[in-house]
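Enquirer: Sequence:
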Amino acid sequence: MDQANRRWWERLRGSAAAWRAGLAGRSRPAWSRLPRTRKGRRRAVQGAMALCVVALLPATWLFVTTDSKIGSVADAPRARVAMVFGAGLWKGEPSPYLAHRLDAAAELYRAGRIEVVLVTGDNSREEYDEPDAMRAYLKKHGVPDRRIVSDYAGFDTWDSCVRAKKIFGVDRAVLISQGFHIRRAVALCDAAGVSSYGVGVDAVHDATWYYGGAREVFAAGKAALDAAFRPDPRFLGPREPGVERALASGR
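Read in numbering that gives the first Met the number 0, the sequence shown has 245 at position 246, and its numbers run on one by one without any break.
Rather than coming from a laboratory, the hints here were simulated on the basis of the structure. Model, not experiment: these values are computed from the prediction. Any given hint could be a false lead.
Straight-line distance between alpha carbons at most 27 Å, and here's what the computed BS3-like set of lysine-lysine pairs gives [unchecked claim]:
1) Lys165 / Lys90
2) Lys90 / Lys138
3) Lys221 / Lys165
4) Lys164 / Lys138
5) Lys164 / Lys68
6) Lys68 / Lys221
7) Lys164 / Lys221
8) Lys68 / Lys165
Pairwise CB distance ranges, derived in the manner of DEER restraints [to be verified]:
9) Arg35 / Ser67: 48 to 54 Å
10) Arg35 / Lys165: 56 to 62 Å
11) Ala213 / Leu235: 29 to 35 Å
12) Lys164 / Arg35: 55 to 61 Å
Note that CB positions come from ideal geometry on N, CA and C, so glycine has one too.
Take the sequences, apply the hints, and build the full model.
Expert: Quick look at the structure:
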C-alpha cells in the first residue's frame with residue numbers, strides 16, 4: 000500500500016472510531032430508557048396495559064350496544080327505507096365491496112322487505128360521484144329509479160346518519176354495509192336519531208378486509224366522540240323531500 004492510500008485508510012478508520020465514540024457517549028432520550036428498578040418496570044407495564052384498555056373501550060362500546068341489532072339479509076326486518084353507505088369506486092363503477100352492499104339492497108327490495116333505498120356517499124369532486132354510480136348499479140339490478148334517493152354529501156358515516164335524519168326525515172332504516180363497518184353505522188345512526196338494524200354483507204377476506212377491520216379500531220374512537228358531542232356534518236343544507244316522494248310513488 001503506497002503512502003497516499005495508507006493516509007486515506009487511516010483517516011477513514013479515525014472517522015469511524017470517532018463516530019462510534021460519539022454514539023457511545025450520546026445519551027438516549029428518557030422515554031426510550033427502560034426503568035432500572037423492578038417497581039419502575041411494573042409501573043411501565045401497568046401503564047401500557049391501561050393505554051391498551053382505553054384504546055379498546057370505544058370498540059367494546061360498539062359491540063355491546065349493537066349486538067342485538069346486527070344480522071344478515073335473511074334476518075332484516077321490514078322497513079320502508081334502507082341506507083347503503085359508499086365504499087369507493089373503481090374506474091367510475093362501484094368497488095366490489097360497494098357492489099356487495101348494493102346487491103343486498105336490491106335483494107331486499109325484490110323481496111318486498113324495503114320500499115326505498117337511500118344511497119349516501121361522496122361527491123365532493125366532479126370526477127368522483129359515488130351516489131350516481133350506486134343509483135346506476137341498483138337500476139341495473141331491478142330497483143326502479145323513482146325508488147332510489149341520493150345523498151351527495153355523505154362524506155363519512157356520521158354525516159350520512161345525521162343527514163338521513165335532518166335532511167331526508169328518516170326515522171327508521173335498515174343499514175347495509177360490511178361486517179367490519181356495520182356496528183359503527185348502527186351506533187352512529189342510533190345516536191343521530193335513526194332507529195336502525197344493520198345488515199352485514201359477506202366480503203372476501205382480502206387485504207382490504209383486514210385493513211378495514213384494523214381501521215375500525217381507530218374509527219371507533221371517533222365514533223364515540225361523534226356520539227357524545229354530536230357535531231354538525233360537514234354540509235347540512237336545506238330539508239329534501241326525496242324520501243317522502245319516493246315512498247309516495249308506487250312500486
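Enquirer: Return the numbers of the hints above that this structure violates; sort them in rising order.
Expert: 1
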